[in-house]
Amino acid sequence: MTAPHPETWLKVTPSGLFCEPGGFFIDPTRAVDRAVVSHGHSDHARPGHAHVLATAETLAIMTARMGEGRAGETQQALPLGEALTINGVRVWLRPAGHVLGSAQVCMEWQGSRAVVSGDYKRRRDPTATGFEPEPCDVFVTEATFALPVFRHPPAEAEITRLLRSVALFPDRTHVVGCYSLGKCQRLVALLREAGWDRPIHLHGAHVALCRLYEALGVPLGELRTATVAKKDDLKGAIVLAPPSAVADRWARRLAEPVVAVASGWMRVRQRARQGGVELPLVISDHADWDELLATAEDVQAPEIWVTHGREDALIHALALRGIRGRALHLVGRGEEEEEEEEEEAAAAEPAAGDSPGRRGLGPATQP
Amino acid sequence: MSLPAFAELLERLVFTPGRNAKLALLGQWFAGQPDPDRGIGLAALTEELTFAAAKPAMIRELVAARTDPELWRLSYDYVGDMAETVALIWQPRAGINAPPPTLADIVEALETTPKSDIPALLAGWLDTLDAGGRLALIKLLTGGMRVGVSARLARVALAEWSGQPVEAIEEVWHGVAPPYAPIFAWLEGRAPAPDPRDAPVFRPLMLAHPLEDTDLAALRAEEWRAEWKWDGIRVQLTAGPGGRRLWSRGGEDISAAFPEILAAMEFHGVLDGELLVVREGEVAPFADLQQRLNRKSVTARMQRDFPAAVRLYDLLFEGGEDLRPLPFDARRARLEAWHARTAPARMELSALVAFKSIDALARLRDGARAASIEGLMLKRADAPYVAGRTKGLWWKWKRDPLTVDAVLMYAQRGHGKRSSFYSDYTFGVWREDGELVPIGKAYSGYTDEELAWLDRWIRNNTVNRFGPVREVERALVLEVAFDAAQLSSRHKSGVALRFPRIARIRRDKPAEEADRLAAVMALIGDRPAD
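Those protein sequences? They're chains A and B, same order as listed.
Oh and the first sequence: position 179 is 179 in my numbering, straight run, nothing missing.
Oh and the second sequence: position 460 is 460 in my numbering, straight run, nothing missing.
Read the hints as simulated data drawn from the structure, not as lab findings.
Watch out, some of these pointers could steer you wrong.
What the hints assert, rightly or not - Below, a list of computed lysine to any residue pairs in the SDA-like style, where the Cα atoms sit at most 20 Å apart:
hint	chain 1	residue 1	chain 2	residue 2
1	A	Lys235	B	Ala24
2	B	Lys396	B	Glu473
3	A	Lys235	B	Glu473
4	B	Lys441	B	Glu473
5	A	Lys235	B	Thr16
6	B	Lys396	B	Glu222
7	B	Lys398	B	Lys509
8	A	Lys235	B	Gly434
9	B	Lys391	B	Ala381
10	B	Lys396	B	Leu312
11	B	Lys296	B	Lys509
12	B	Lys398	B	Arg365
Said to hold, decoys possible - Far from chain A, some chain B residues (derived; all Cβ distances over 12 Å):
hint	residue
13	Glu8
14	Gly27
15	Leu88
16	Gln91
17	Asp105
18	Pro114
19	Leu135
20	Ala181
21	Thr214
22	Glu266
23	Glu321
24	Pro327
25	Ala333
26	Asn460
27	Ile524
If you're wondering where the values come from, they're calculated on a predicted model, not measured in any experiment.
Note that the Cβ used here is the ideal one computed from N, Cα and C, for glycine as well.
Chain B on its own, in the form it takes in the complex:
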């Protein structure tokens, strides 16, 4: 019965806005389903498992053969979604009493069935399923689950269900392929943790908290080290006998888009750094780097026009040696020595910024005007490299203006020459209870290219329509710059932003890592309210 169970999971996830509720639903799935179905389902949800066997056109043909065209037209017109209309209108042949397929049945049959027999296979499956099951099958085969489950959320769900820390799961995750049987065996205590051996796996990143004035006052200069906060994307470089990988901060493999970085990774170790476009030693604006992001492959011309490089922040592994327990100063010494010895191409150290006092550091920060610098990073000299966001070890001290990383929630078409574009964006931040609450609306700040990209993204990720407004998948992080935050009784969030504008699109940042409402609230009063 696993496809009907998977269908029920999908249906619940689609309608469940709350993160905690999603985690509970996933936990129930892991606990209640056998291998390999639970792993196949997990990979399907996070879109790590895709099938090319069935195209939407094939499914349309199947349903056309069984449906009166006028009734199809009226139905599709009403429902508005092809896959859903097919799922609802499909009339199973009378007398079918075969059991519905399991996910494993489906994976196996698609591997072994000749292409010409796929339509019959599919029709046979559809006949055994109810409407929910049919929709799940169609989504499974054609992709586009859109249930708001990122790979990261799935790993958190595995952590909550099993009691293992999510960091431990992330460390083995990339060493095991779907349906992840060794991971489930480990999480259920039936086997030791899978040993990635030399397989290049992602090590969860250490993250920083934004520095507030109250935190600043407590800092003692001698205990801290400062670096520029470069305006690129945070990456991890993993190289060794098992291969090379470039990971985004969320653990997504972005190697294919940056072959020149991969080629330069002539070492055995794990590095933390900022991916940038650098021309003749000068860091280019973030917009240049954006040209290189989200590509499956890259042309020689792109590599020439937008040359990528990495500013190195940290050394996590040297060879097989795990340096993460060492204090920052010790790791920094190892990083500098390693860099001097190895002299890797396209990789420079991110320099330490010398300062005598916190006041002096503040002046340095205020004086830094290069577009490539977002502000300063403050790192405790004695802090080990700890996965996640442990307060008090690393601070990010961005310079003006105020910014917030918000999640796009709704988009509305603009006016005049923008009337065909979704150009007005309502964005929100996470409240403590896990709900995303809107904090403002912005309709400027982006380039024409960014507008076109946003418009396309919105059309591809719409989950709901209200006249001219589209509600989108809560999956896109926008960095919103603004002049001030004010208390507001008109907004559900209780806060209103002055002159919010889109500073940039954070395609690299998972939605769940967007800012919390409390962080926005903490900014209230930072600026005069005129």
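For reference, chain A alone in the conformation it holds in the complex:
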């Protein structure tokens, strides 16, 4: 008996990908009864599901961001590599390397195997377990940076550029725009690896998740909140803030800031220029072009479904390699962090004149 093609049991619905025999959605974009969630970014992890299955880290991140009770009425943690069976569908998670807790959702039904990668990257990240390829019949991939112009340089080299700039402009604050979940903590960890042992200052929107990362076993060194710091103390300091805040009123508290942004989009000058960025840092938590193609080879899937991003180029390149590509048009994907970050930034720091001490962040406890 031949195994059923995954398209017969894994369907695109308005709520997202639905595993029909299993009765669950993967990263549904609206509230559903049963959800399997790949990672905590808000375009993958939505509030209000009745039941959520994810890694323990992702569940903790969802709870921290959405509030107790909104991140699934019941939560079920599934450790990486452990399988369970839901209505005859075998389900297990493998690391995606994207952010802490991020996982690929692997499913097998009647000998037919599909893997939904969520967002992923192949580079080393001190704050996230590295991606592991899972051979499958259908691999569902992101395509955020699916153009051959996107080849991320080594993140360590970008950190070196940041530190060289700090040395050249010792009286200025270097403020790095970055997403609050994942990028922020990765930057802190990379800076620590590069020998930067001075305190790192945070925008209020970044504090809670850094604390959570530390509680989950990711050491970040001494962190302070930038909001309560004196301008003079921020000379020569590195401050991490949401991208929407770095060139906005919030940044007025900084000392003649050098505006940096850490993102894969910084690879293209036009994109970098739009935000008034003075120091673009090409550091991404998404797979670049080479990683997308290498992953396609590693998972040995004859067919690859492409979700959000520039699917044209990737499907074309896969065809050249004899792999069938199919564009999945999922609603609400890929608009992710930017909007979310703006909301967070506004919520965390509503006014220009913050009251000092409101969000004191003491020296981090090392687990």
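Here the structure of chain A is known, so what remains is to put chain B in place on it, guided by the hints.
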């Protein structure tokens, strides 16, 4: 590793808006790079060094040979810039472990490699570089650095890095060619200042401050001399055994555009004056002179239709003798004597304007209605000729309307018959912290020819696009006339202009010498606010 280092410098300069930060980046380059690379890099930034060996078409062919056409199309469509797309998409051959070239390697190889071998040479270099390095190499070979580093800014950076006054650097600058090794040796204290000997070098100009009412009240008539402020471009004429040069006020060599002036420079000395178009003794409007500016060469017809002449203001050197330390009156006497004796063609003295009192002078100024006169220049009788803008020695006292020299920042397409033209201009002035802040928007005042020129300039100097709006290189100075300046909370600069219009395009004026915000603020209340 110098090309990757140069690439990093370029990248930082491209994204750095602040003048001081640019100066720091350049200083780091001078301090950290060996000769001749630092000088080659400097010449490349200021576009004094150009290569003709590699054309964009050659680079496109190279990348086409390595890239799937569909992926190229999608990528170019996304990135929007040819050089950048090539730099990003270039896939180095596997197993390349040659070091990246130095700037000196590149200059030398391009001089010695036969033309047919250039593509292979170039591909080999591209293989050794990362994306930033590839973009730097392509920009280096095809021109168009567009990093906002003028020759003037580069000299200021050399001054700040070395501690030598910028005027001293300007005086030797034109006597030394890229890669400027003797200048670096001097600035590092390893050698004396390069002696230009008889080489025609640019002597930094003495500049004036705009005269405000408060300054006016303090003036004592007997201490001052007055001249008309002619509406042309300020020039310096340098002639001697080493050659002849006509310099713009920024030290740019504009000799080639004015051969008739060069031909008339039958003397040994350095003169300061105003370049004008003069017909039968009458100074023509500035627009006529504009026909002659920014040309690499000039036709006989242009010379006949727009005959150039110079109104002489000052004598800086007579023969080898430096007159600059002398007081104005003494220099003026020397200038008049020299002029009477030499009687050079196409050069008249700019006459002194006699006056008994400052009030009488004000009436003269108000009565001057010739389009060729911008107002008056006031010069202290006892002031030496000092490079730069020393306050209290020279005043420029322009007549109405109010004008400001602003830097073009953004341009937007117009409507109706102007819909294909970038005809709405947002311009700014320099705030004290070195940031350029917009002070207004103008969409009138220019001629059709000027509009066409501006449109072309904007398209060639776009650095960013926001829908219908283009952000341009901060390099073009517009003289904006307006009726009044008012305080405004709606503008970042805190000031709004009433009826601003483009009075003229100041192609001769470096952007960093555009007006300061404080100067605009000082004009607030000068006019009724109705």
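Hint check:
{"no.": "1", "hint": "Lys235/A <-> Ala24/B", "in the structure": "holds (16 Å)"}
{"no.": "2", "hint": "Lys396/B <-> Glu473/B", "in the structure": "violated (28 Å)"}
{"no.": "3", "hint": "Lys235/A <-> Glu473/B", "in the structure": "violated (30 Å)"}
{"no.": "4", "hint": "Lys441/B <-> Glu473/B", "in the structure": "holds (17 Å)"}
{"no.": "5", "hint": "Lys235/A <-> Thr16/B", "in the structure": "holds (18 Å)"}
{"no.": "6", "hint": "Lys396/B <-> Glu222/B", "in the structure": "holds (17 Å)"}
{"no.": "7", "hint": "Lys398/B <-> Lys509/B", "in the structure": "holds (17 Å)"}
{"no.": "8", "hint": "Lys235/A <-> Gly434/B", "in the structure": "holds (19 Å)"}
{"no.": "9", "hint": "Lys391/B <-> Ala381/B", "in the structure": "holds (14 Å)"}
{"no.": "10", "hint": "Lys396/B <-> Leu312/B", "in the structure": "holds (16 Å)"}
{"no.": "11", "hint": "Lys296/B <-> Lys509/B", "in the structure": "holds (18 Å)"}
{"no.": "12", "hint": "Lys398/B <-> Arg365/B", "in the structure": "holds (8 Å)"}
{"no.": "13", "hint": "Glu8", "in the structure": "violated (7 Å)"}
{"no.": "14", "hint": "Gly27", "in the structure": "violated (9 Å)"}
{"no.": "15", "hint": "Leu88", "in the structure": "violated (4 Å)"}
{"no.": "16", "hint": "Gln91", "in the structure": "violated (8 Å)"}
{"no.": "17", "hint": "Asp105", "in the structure": "holds (23 Å)"}
{"no.": "18", "hint": "Pro114", "in the structure": "holds (32 Å)"}
{"no.": "19", "hint": "Leu135", "in the structure": "violated (9 Å)"}
{"no.": "20", "hint": "Ala181", "in the structure": "holds (25 Å)"}
{"no.": "21", "hint": "Thr214", "in the structure": "holds (32 Å)"}
{"no.": "22", "hint": "Glu266", "in the structure": "holds (51 Å)"}
{"no.": "23", "hint": "Glu321", "in the structure": "holds (45 Å)"}
{"no.": "24", "hint": "Pro327", "in the structure": "holds (43 Å)"}
{"no.": "25", "hint": "Ala333", "in the structure": "holds (50 Å)"}
{"no.": "26", "hint": "Asn460", "in the structure": "holds (17 Å)"}
{"no.": "27", "hint": "Ile524", "in the structure": "holds (25 Å)"}
The structure does not agree with the numbered hints 2, 3, 13, 14, 15, 16, 19 stated previously, though it agrees with the rest.
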